[in-house]
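**Student:** Read off the chains here:
Number of protein chains: 2
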Amino acid sequence: MSFTDLMTFQRETSALGQVAGRLGWDQETVMPRGAAPQRAEEMAAMASVLHGRRTDPRVGEWLAAIDDTTLDDVGRAQMRHIRRDYERTQRLPADLAAELARTRSQAHLAWAEARKAEDVPGFLPMLEKMVALKREEAQALADGGDLYDALLDDFEPGAKAADLQAMFDALRPRLVALRAACLDKPAPAGLSGNFDEFAQMKLARMLAKTFGYDMAQGRVDKAVHPFSSGSGLDVRITTRTDPADPFNCFYSTIHEVGHACYEQAIDEAYLLTPLGQGVSMGVHESQSRIYENQLGRSRAFTGWLFDQMRDAFGDFGIADADAFYATVNRLKNGFIRTEADEVQYNLHVMLRFDLERAMIAGDLAVADLEAAWNDRFAVDFGFAVDKPSNGCLQDVHWSEGLFGYFPTYSLGNVYAGCLNDAMRADLPDLDAALAQGDTGRATKWLGDKVQQHGGLFEPRDVITRACGAAPSEAPLLTYLEQKFGALYGL
Amino acid sequence: MSFTDLMTFQRETSALGQVAGRLGWDQETVMPRGAAPQRAEEMAAMASVLHGRRTDPRVGEWLAAIDDTTLDDVGRAQMRHIRRDYERTQRLPADLAAELARTRSQAHLAWAEARKAEDVPGFLPMLEKMVALKREEAQALADGGDLYDALLDDFEPGAKAADLQAMFDALRPRLVALRAACLDKPAPAGLSGNFDEFAQMKLARMLAKTFGYDMAQGRVDKAVHPFSSGSGLDVRITTRTDPADPFNCFYSTIHEVGHACYEQAIDEAYLLTPLGQGVSMGVHESQSRIYENQLGRSRAFTGWLFDQMRDAFGDFGIADADAFYATVNRLKNGFIRTEADEVQYNLHVMLRFDLERAMIAGDLAVADLEAAWNDRFAVDFGFAVDKPSNGCLQDVHWSEGLFGYFPTYSLGNVYAGCLNDAMRADLPDLDAALAQGDTGRATKWLGDKVQQHGGLFEPRDVITRACGAAPSEAPLLTYLEQKFGALYGL
Chain A
1 MSFTDLMTFQ RETSALGQVA GRLGWDQETV MPRGAAPQRA EEMAAMASVL
51 HGRRTDPRVG EWLAAIDDTT LDDVGRAQMR HIRRDYERTQ RLPADLAAEL
101 ARTRSQAHLA WAEARKAEDV PGFLPMLEKM VALKREEAQA LADGGDLYDA
151 LLDDFEPGAK AADLQAMFDA LRPRLVALRA ACLDKPAPAG LSGNFDEFAQ
201 MKLARMLAKT FGYDMAQGRV DKAVHPFSSG SGLDVRITTR TDPADPFNCF
251 YSTIHEVGHA CYEQAIDEAY LLTPLGQGVS MGVHESQSRI YENQLGRSRA
301 FTGWLFDQMR DAFGDFGIAD ADAFYATVNR LKNGFIRTEA DEVQYNLHVM
351 LRFDLERAMI AGDLAVADLE AAWNDRFAVD FGFAVDKPSN GCLQDVHWSE
401 GLFGYFPTYS LGNVYAGCLN DAMRADLPDL DAALAQGDTG RATKWLGDKV
451 QQHGGLFEPR DVITRACGAA PSEAPLLTYL EQKFGALYGL
Chain B
1 MSFTDLMTFQ RETSALGQVA GRLGWDQETV MPRGAAPQRA EEMAAMASVL
51 HGRRTDPRVG EWLAAIDDTT LDDVGRAQMR HIRRDYERTQ RLPADLAAEL
101 ARTRSQAHLA WAEARKAEDV PGFLPMLEKM VALKREEAQA LADGGDLYDA
151 LLDDFEPGAK AADLQAMFDA LRPRLVALRA ACLDKPAPAG LSGNFDEFAQ
201 MKLARMLAKT FGYDMAQGRV DKAVHPFSSG SGLDVRITTR TDPADPFNCF
251 YSTIHEVGHA CYEQAIDEAY LLTPLGQGVS MGVHESQSRI YENQLGRSRA
301 FTGWLFDQMR DAFGDFGIAD ADAFYATVNR LKNGFIRTEA DEVQYNLHVM
351 LRFDLERAMI AGDLAVADLE AAWNDRFAVD FGFAVDKPSN GCLQDVHWSE
401 GLFGYFPTYS LGNVYAGCLN DAMRADLPDL DAALAQGDTG RATKWLGDKV
451 QQHGGLFEPR DVITRACGAA PSEAPLLTYL EQKFGALYGL
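Chains as they are written, first to last, in our numbering: chain A, 1 to 490; chain B, 1 to 490.
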């Protein structure tokens, strides 16, 4: 009954978790279409094996027998993760877990059909069932505490909805105002023309390397939805191409590279242990966002990218690097969260955060969701949702029971704002390097300050330690108001 | 304690087996090189899960509790497979299984280094250890019977070395004579020139479809060594290209398609059960060989392939379809089993069969292997082995403990000879269809007679039922002597 035995067990569990994750990668990239029914059984078998290990009574015995005070900092951090996961699993009744798993796949199908048919009522019964089950889950987990916090803890351990609410309350009015002011001004030129998809992929791969992604322990493929997958020595990303919109390809790539570099930079000593992966969704998103936005969409870096695009595609109708910078950062009215720019993105998230919190609290009936969504959208964005697939049916999350996930996107943006301020203070000449396409100093700073630690510290503490101050929305707001104020001449 | 419970358990085991297999596919096709150390842990974790299920005491309880006579034919066949596997696993001491697994990876590394360095003595200590362990394994499994038979049973259930020996004794002298007679004659023209690799892959994919491979439940990729992988709804193949040798690509593809079509054609009712995969290595090889040789290298089919190659590559220096047929079936002196033609291939196999049987029996010391190999090679092939990588170090099998595997290659050829005779008798006009590139009647015949049954019948019985007579080497010999007699004017 030693810590070593527990870690040997955990290491095998982590390895199996990586295998299950790689099946997901395979499914989205290379799996033959007709294999889907068999794949569902393969995934279920892996899930069952992993569930068996998470609930293995030996883990409880090990946890009871090991004296944390005999361990070093790393050992205690491992124990913290293992204990949290085990206790969480123990609190969840087995039949509720099974019912959630079943409902998840049914609700996902119902959502996909409802979205295609623009049929909100067709999705409501499954969503009602899902919300009821998630409330039940939250009650089992919360132990008398806040229900939403209990769910949030799955994605952002230690975060509290009340703190997020305060942060978002400070962000929202100023982002609404900034958005309106920008859209009141003449829009910068957009891209037009046809951008060869093979050349897009070539440049995307070059961008991945430019941001430090190690291709010897990763690969870039095309998929319908860009994602990053895996930890340790095998971290793969996907991207997509659209002949009319090369930015979609390039910035999806840089975003996923941010996630992937985080995983690749974690201390090798944590390989295949609970510390060997990104510590939370929020911290993960801080890395993808700072790569994508504060670095990738900066005036300095876009100047270099402009040259690369001219090399790849010839003259594509944008006169110079300043105009290109404005094009890259152009605001547009739009319904879709995943297509939103830096200014508007968080408004999409806050809308979902408020609605899902109200559903979990029981303050918003599922039947009233569509009206609540459309009302709120009109208030923040100033125009009306035209159809459900552009409104409350646009995201997959709720159908999969992912309540508490959305706010981590904005938390990531807030963290990225804090990190950017601290990094710029430490690296005053960073823009000169970025203008040469050299991200090395920035990614090294992030690697040293954030990425290498994996799960060693609590999520909020990672940011506090990196920045020397507790996280706040202020740096992000200042950054956005300065950047877009200058771009739009406000 | 019902048959249904056992089958539910087996179904999950089969699904996990498919996952482990797909990891192997991933490793050989898309895995980033640097992921290898982590992958080894992932594979070991999957192996450990699968071993745990194969030795799960519940399986023993189920087997004891279920009354086979209450089951239908399919149920009894499932029980036969499950019981054989469980009893085999029970007979093998756990520490021997672990030692074999460890030695396998060490010996594999030692073999790869020794082959590169042409250093037989460098490999001998690991090979000695492996042979000793395999003898120990065979003793545990044989229960007083023949040691080699006990190992053979892993690859060809029910086969006996003495029967194979009789078959091979009848084959060998006539193949040695046929080989010598052909090589005594002027050689047909070989291919020369450069064959675009992209066009090779395009034609390879077309050939795969021509032979009935279902791309909606499969895919074709490039790998160093061609292989087929997976069962049920996800059966993938690989091939390779060499600009100087398009036949390597095309016939490797057709060969692997034979394996893959077997898996794809198995009755859907057997999906993810012990019956849901090819019944033995020998029967599997009979399908790959009949697709590749009796169909793919026939005069009729090569006439069609000649036209396809001219469409793909233009004039490549072969005058007409008759000359092309001779080129496809050209004999050459060579050291390497995997590059051998239809006449010589079995001679390579028989050499290995005799040597490995002698090692397992204790009649050939590992230290004497190289001399024994080289002596035998000179007798059958008429020239001397020039270096170990062209001799006893050429194959990976022994380093991985695969003793008893080699003879199934020739058994597959023998079975293919029997099936070809029976198929031709049933389909007298087959050549007219093959000459149009239409393999449908042949593959339907094989699907109906052999493939659909999966593991329902014992391997030898599959062939007997399909052909209406017990397997014999005579049809293969007659086929080879007629085909090559005509080609070489003997």
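Any given hint could be a false lead.
[Claimed, not checked] Keeping only pairs whose Cα atoms sit at most 25 Å apart, straight-line, the calculated BS3-like set for lysine-lysine is:
1. B/Lys-129 with A/Lys-222
2. A/Lys-202 with A/Lys-185
3. B/Lys-116 with A/Lys-222
4. A/Lys-483 with A/Lys-116
5. A/Lys-116 with A/Lys-129
6. A/Lys-387 with A/Lys-332
7. A/Lys-449 with A/Lys-160
8. A/Lys-129 with A/Lys-449
9. A/Lys-209 with A/Lys-387
10. A/Lys-202 with B/Lys-483
11. A/Lys-222 with A/Lys-209
12. A/Lys-202 with B/Lys-222
Note that these hints are calculated values from the structure, not bench results. Quantities reported herein were computed from a predicted structural model and do not represent experimental measurements.
**Student:** Determine for every hint whether it applies to the structure shown.
**Tutor:** Hints versus structure:
no.	hint	result
1	B/Lys-129 with A/Lys-222	46 Å, violated
2	A/Lys-202 with A/Lys-185	35 Å, violated
3	B/Lys-116 with A/Lys-222	37 Å, violated
4	A/Lys-483 with A/Lys-116	38 Å, violated
5	A/Lys-116 with A/Lys-129	21 Å, holds
6	A/Lys-387 with A/Lys-332	18 Å, holds
7	A/Lys-449 with A/Lys-160	24 Å, holds
8	A/Lys-129 with A/Lys-449	43 Å, violated
9	A/Lys-209 with A/Lys-387	40 Å, violated
10	A/Lys-202 with B/Lys-483	51 Å, violated
11	A/Lys-222 with A/Lys-209	17 Å, holds
12	A/Lys-202 with B/Lys-222	21 Å, holds
Comparing the model with each numbered hint stated earlier shows that hints 1, 2, 3, 4, 8, 9, 10 do not hold.
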